[in-house]
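If you want the building blocks of each chain, they are given just below.
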Amino acid sequence: MQTETYLEEFKNEGKKPFTLRDAAWIAFVILGSFYAWIQYGSLMDEYEIGILGGTTIGLIFLGRLWPSLQTLTVSVSLMVMLAIWTYSTHGDVITANEETFFLKFLLSSQSAIMWMSALFVMATATYFLALYNKSDFTYKTANVMVWAAATFGLVGMMVRWRESYIINFNYGHIPVSSLYEVFILFVVLTSLMYLFYEQRYKVRAVGGFVMLVISAAVGFLLWYTFGKDAHVIQPLVPALKSYWMKIHVPANFVGYGSFSIAAMVGVAYLLTERALRKNSESGFAKRMPALEVMDDLMYKVISLGFAFFTIATVLGAMWAAEAWGGYWSWDPKETWALIVWLNYAAWLHLRMSKGWRGTPLAWWAFIGLLITTFAFLGVNMFLSGLHSYGEL
Amino acid sequence: MTESKTPASASAAPKTVKLKQPNQLLNFFGSMNLAVTLLMMLSIASVIGTVLKQNETMQDYMIQFGPFWAEVFNSLGLFQVYGAAWFILVLVFLLLSTSICVTRNTPGFLKDMKQYSEKLSRAALQHQPNNTTFDGAVTLERQQEHAVALLKHKGYKTKIHLRDDGSVTVAGLKGKWNRLGYFLTHISIIVICIGALLDSNLLLKYRELTGSLEAETRTVSLDEINQNSWLGPENMSFRGSVNVPDGQKTDVLFLPYRNGYLAQKLPFTVLNQQFRIKYYDTGMPKSFESDLILTAPELDEPIHATIAVNHPLYYKNYAIYQSSFADGGTTLKLKVHPLLSPISNPLELETAVNKVEPLKTPAGKFKVEFNDFKMHNIIPASDEEKALTGHKMHNNGPTIIFKVRNEQGKAWEYENYVMPSLQEGRLFFMTGMRESQAEPFRYLFIPADANRKKERFFKFLTLLNNPIKSMELFTAQYPKTADVSEKTYQLQTKLIQQLLALFRSKGFTGITEFANNNVPEAEREQVSDYYFGQTSFALQTLYLDVLKNEGVIQLHNDEISQFDQTWFEDALNTVAGLSAYGPPMYFEVASFKQIQATGLQITKSPGKDVVYFGSAMLIIGVFFLFYVRQRRVWIHIKPNAETKSGTTAPSSEITIAAKDNRDLPETTTEFNGLVNRVKKFNNSNINTSL
Ligand code: HEM
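Residue numbers (the working numbering), protein chains in the order written: chain A, 1 to 392; chain B, 1 to 690.
What the hints contain is simulated information worked out from the structure, not anything from laboratory work.
Source: prediction; values computed, not measured.
Positions of the beta carbon are idealized from the N, C-alpha and C atoms, including for glycine.
It is possible that part of the hints are untrue.
Coverage of chain B stretches by chain A, computed from C-beta distances (three or more under 8 Å per stretch; other residues unrestricted) [unchecked claim]:
| # | region |
| --- | --- |
| 1 | 34-44 |
| 2 | 142-149 |
| 3 | 277-290 |
| 4 | 314-323 |
Listed below are the simulated EDC-like cross-link pairs for lysine to aspartate or glutamate, each with C-alpha atoms no more than 20 Å apart in a straight line [as the list claims (entries may be wrong)]:
| # | chain 1 | residue 1 | chain 2 | residue 2 |
| --- | --- | --- | --- | --- |
| 5 | B | 680 | A | 8 |
| 6 | B | 157 | A | 9 |
| 7 | A | 104 | A | 92 |
| 8 | B | 453 | B | 424 |
| 9 | A | 300 | B | 663 |
| 10 | B | 386 | A | 229 |
| 11 | B | 265 | B | 223 |
| 12 | A | 333 | B | 56 |
| 13 | B | 176 | B | 663 |
| 14 | B | 286 | A | 45 |
| 15 | B | 679 | A | 13 |
In isolation and in its complexed conformation, chain B is listed as follows (with noise of 0.2 Å):
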């Protein structure tokens, strides 16, 4: 607003140079200059609160900018920028200048709306922007009516106003609502300030500030939790988030604060009946919902609703939202495969989910932490299976997450498949494990046997294990025969016991690698060759042997089926990627029992309200600013003085004088038109007048 039409400043001419120093003050904060400048920051701040990623760790940061920029970058805030001080700061001076903007302006806005300033002398209304002169042809009385008829025709509100003089003027005003508008929409931005502040978190900065307040950054059960962590009723506002498994109840709800969080006790207790997801045919998932009852001390009776996404429970200033959902403690019935045992012996384990069990191994100490079960792993169908089955989407089941742990603290990740999935035609039990959160799982392939098991894979591993055992089969299969003397005989089998020990530990490139370092470079290839076919030889005498067991074979050298044959070759893939697998165990689930957990918002948001109110004046304000214009016209009416009674019809001069606060191309229009029309009603009746 340029100053100059403010009433408030125009009046304000200094009386005392003393009032001249707040005044200049206000000046600064009340003007437009400032407030769009300050527009313009707000616009700025949120770009960079959008373009680099807030609330991520310090680390992470470090790593993206290097440990310089990270440092200036967080110094100023940019991490959190919507909780930076200077961003406050300027929402405040914002909040400052649109009030002393509104207060300033108000009084002089609604005097504005009421006067009709039908005073205004005529040499005052041929200085308003439309304006024109020109001779009547009726009596006053009769132009006087004429127009108070025409402008209310219009739409306007008039007031006459008689001179001294003799003259006329008929003031008429039309659309006064376009300054509440203005009112409205600068009165919203303050309410909605209002209400923002009053959902923000100052109360615990407050608490931060006087030390009785800090965040707990350790994963604990609730009684170990920091004292000074826990929020109780005090806390106006919050929006926290809370797990909670099926057939449990909470009454806590944890708030993000810092690098770790604050425990909101709430005045009620939910109980999460159960958690449903349902899908589409896609995999998609289609809805989430939690059945739900309520607890109260006041209630009587506790409610029982279902929530989903879209559909909260409501219930006195909290809102309950269904925002996610988490394993809850699927309890897991586990065989522990210990990869390097020579007899079979897996280890029977009952836990569950988020549970941390020991493991006393003969290679080492080991603590295994289940971290998560997914009952559905869904991956887009391959082409085949899509014009098979018409679906899209391929669900490879169920999977556990875990995390193998030893005494120096060194962690694997394993995420392993409960059932076999189909990879090029033969089933597997894919287990996948990697050194790092970083990277990708890398993948071991477990072939399925006939019966759609592992037992066959274990089979043969523990008694490729077992040197003593598999070396008894090997020579109750290949007796020393008359034409091979014994010590011939007894080197064959010690090469063949060597060639089986590396390829357990590294499959065949632990053979190559002997060969490179024991042989003559050049006998090597030749000697290799040798090595690769008595392994393969010995290997394939193994699990004849466990195919005989299997009872699929009766004798060695029966023929063998297509199947038996692929799954030895994958068997032996398998084999050979044990060696990078981390730890020697296996871990497979025997059964499970899914427990899903709901994830909770709750909140509860006094301000909400508030800024609902503000936002409905925002818009009420919007729509009168721009679609209300606040019109202004004059008709002045001037008798001319030399009219003599009964010469020529009674003529007088006529001044018609029109504004807009909005300086539009159709005012210009709409006062022409109002013009020919008063001067056609002068012209028609020139005559018939009297």
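The shape of chain A in the complex, shown without the other chains (with noise of 0.2 Å):
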């Protein structure tokens, strides 16, 4: 059989060798874990150490996905162990985050977090005008600069992680648990998922359209700890306090970016679709990507939501029935996040089964944001229930 000959013959054809950087990376993640582990193994019940075992997992296969994300680990690691030690090196007090150079104007989260709004305002504006000059330079200079924002969002998650210790070692915890801290996720998360698709899909254009979310949300978390002191580290209520915190949150933001991500390409593509049907010939539609891009675009980016915000509501449910004792009471946050849920089914339903395509998806997804919005801070804002953390 000849068969086996061309087998033998392809085996090794297409497939990506195995780099020094690959096993760097890989002893790098490692490593790093069991770092994390020697220093604060301690503080970690067996269901942490699970979910850092995962992380490591998870971040060893994301960074072989995704070759760029390797490199934005390392640098804010670094990062984040120049801020740790130069805090320990201050006797590990808050106040060094005055004293110290690098900690006052960089590394601080405080500092950091105020780095990574800039820069993300600045971002949104160098992508328009790069639509607009259409420079492959000014393109590469906004996405660095979304690639500085989101590293530091990161350190200043890391570092804030850190100081909530610092402050007083019974405050300690992970920075996802109030309005101000999720923002900062968000952001960060969104920026991350949306670099990974313009670097796939090729598809700078939507650059800017994607950063007004996040430019509106940066704004807020400005607005949050400028008009209401928001940024102050506060340590958690009872029913926070539990590991389940760690994997429910995250993966709602997944759902949350993807479906911001899904909108703001439908608002790219519907602005495209109405430039066209005016002229074919449209500059502006010259300068987007295909339709049929933007469209697929969309519908991956909301399949990736949805699958991590069936996982979230899942694990919420979970945490619930652990905290509340019901994994389902009608909460109001509960109660959105099926609303949302349930219409991104719909909207799945529509585009797998009934074929639909284009502008009444791109209008859905659209609407599908303001759900989203309602869900993660109108609840918040206007109806009281058990998730009453960050209330405005």
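Grab the two chains, each in its own frame, and use the hints to assemble them into the complex.
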């Protein structure tokens, strides 16, 4: 049989060779996690050690899928290590963030978050400028700004995590527990997901649109910081003291982030489609990705979001069962999560089985963002319930 | 799903007219349109459920919407959306729709998972979403083997079909698990609904319909609870709560039902040894926990466990959660000061929270209901205090909350602080009063004396309540002098007496009113000033006497300290406020012994594992659906009939077709890649092949 000969011939082609970089990456992640475990393992329960293990495996996998993530991880780690080290050489007191240059201007969580905010807003403008002047260089600049912003955002979160322990050992917690903290999580996750899709599908022309949502979130964050002092690190209420928070919240925000990206791609789609309808030679449309590409991207992002939102909702139900005694209580936040979920389930059905495409689904994705925003923010603002963290 | 895709519906071509009817109904129920409509209906209903506050009292709704709309909304079930018949109906329809959809699609999908469709004709292949035909240059055998190897290499499973005309189809299939994804997600919806149904209160609804169940609406002791409000082991699933005071136990749980509750008998007993709250330095609670002992007939050894929020105790299929806390009947030793009494005779009362005490007083008969005791009252600290202590919160210490109800049923609610708290640098005992739950408390500030007690205040008040004694004091201090006639002196002392009485009953406003009513307008201002002067003078005289009795001063014209001066002004304010304080009694907490109760929530939820199982199916299914693409490829090789051996390379006609059940851009890219590989193979082998 020749088949085997051919198969032998094909065997090695197309396979990504296992490079030194891959080996270094795996070693880096494993060593990093091991270090975290040595340093902080005594504070973790068995579930949290499991989460650390899962994160390690996930990070190895994601880094190989998307090599840019490796660079990001390494930069963030180095910056965070520098910040933690600076705190410890200054006696591990929070006031060090006023005294030392690095902390005060760069790496304390507040400074890093301010850098992140500024960079995101600048990136938004730069993306639109690039759309206008069609310059490759401008696009690259915008892209680098987003990378830098995401880096600072992650550094801000990690350092804040450490700072919560420095302020008072009893306050210590992962910074995903208040509305302020999850907003940072939201902008960081959304920007990273966007960067992934930009690289993979060459859709940098929608960058400005996606960055609009992020800038809006940054605007809220700034108002929340300066208007409401929301950035002050508070201890956790008993109901939030659980390892569930570490997985439930991030899973939710992968969902929210994806839905936001989908909505903004939808907006870009609608504008392009309109421009084409008016003038099939529209200059604007020429600068934008092809309609099919955007349509496909919407689907891809919504399916990712839907998958994670499903997980997040199930995890939420399991947490609720442990904290409140029932997996489903029709609490407003829960109910709105269900509404968001049903909405995208309907969206997916129409696309998958009814073969809907394009404009109606783009509109729907945009309206989906309004529903998602209400679930995320509106519920906290207007409705009361068991999820009463971060009331405005 | 478009119906044409469903093999089941395709084969169900109507043989008889009779069959058509149920089919149409099935079509309707299993249709995608209905499914999407139901999903949207559920969403909208859920929105209503969150925007309209659920399960409030009808009275609240009346106030909010007016009687008409409240009635309309109520009859539509909008105040209990998630339990409303129409909501359940939507759920049932969704369940039905999904079940029908699954049953109809499953056979077709199962077949789809297994079949390679290798027998599709060339013409059919040329109708696939991706297809191309070109000339090949290698022998059929090599072509075929290369094709198989290529598809295998790309992860396809292959099947070869030899046709009568000598042509060959290599059919490839990849990602058949995608179909399983559909199956898992949709079955999971059914599984989750069944789980939820197991945990619903259908049994109770049924018993209510048959009249053997009725919610208890009164707050009564266990043995007085209505017989029809008891539930036993026959109740498969429940979620209720119970407060257990420290050191006590329970085997009964209360389930909220309608506008009352039901009592659920438990097959075990829970003893609460101790409930604890730990605080952060901000004053926020850090943890709530209870030490429990669970005993059951089937247990040899009782279970000792400490539960906390997020750390319940699981026992068999029951779970015990820390959900709240309450006062468990803190014992109180009180001193009831009669505020109008001319002698100091506080009544000693020993009672406890949750008790009701009858009181017979000269001012009437009352019932005192002791509602609550709070150990800590934490408020944001003032800026100065923050600067001084570094604490963001300030603890004002314990309070008792109680109601005094008169014979007509009118109630005054009080909140009395046990310890004095600092206000503008002085210490006061705060006591709040309100006449309805809707109002905030209005506070009276009783100034603390130098010993941080209320003794001086009550001495002063008693003296003020006693006109005879106060006049004695006054005349002793200011006897008639020679230049004043007996009559004037009499008039003057009488006036003083009257003014003091007025002040006692209404404060300085009482005196203003008196002047307004009795003095002609022209002289009013002058006379009022005189009255005020006289009143102050008299009050001061009484106060100085109190001070003298305390030994603070020896003589009335001794210098008095700033503290004593301010105290006097504060006391006058308080006395003036007494008239609006309700029944003339002040409840002082002499001592207390706090007894806390832990608030437990106990559940039995047989559907929980079913729901979790369904959820796991859902998640796995969703990933299969999104991240496993089902792809098919056909490589059809048809040797050209006119090929003559020996002339040129053996030639054939190759048709490649592909289909992806997700219509994605990458399908075309991959297809083109595959075609190029086959073309390249043919081109590079054009000369070498025999
Ligand atoms: C709560 C109810 C339901 C939920 C949450 C749900 C969810 C989903 C999801 C997430 C998908 C995947 C879409 C995709 O592949 O991108 C899907 C596909 C599908 N659903 Fe549903 N579904 C529900 C009810 C129904 C009902 C009642 C029907 C029957 C009409 C139905 C028929 C289908 C079909 C035919 C597909 C396409 C499967 C495929 O082509 O692979 N679903 N559903």
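Cross-check of the supplied hints:
no., hint, in the structure
1, 34-44, "holds (count 6)"
2, 142-149, "holds (count 5)"
3, 277-290, "holds (count 8)"
4, 314-323, "holds (count 3)"
5, B:680 x A:8, "holds, 18 Å"
6, B:157 x A:9, "holds, 18 Å"
7, A:104 x A:92, "holds, 15 Å"
8, B:453 x B:424, "holds, 18 Å"
9, A:300 x B:663, "holds, 12 Å"
10, B:386 x A:229, "holds, 17 Å"
11, B:265 x B:223, "holds, 13 Å"
12, A:333 x B:56, "holds, 19 Å"
13, B:176 x B:663, "holds, 16 Å"
14, B:286 x A:45, "holds, 18 Å"
15, B:679 x A:13, "holds, 17 Å"
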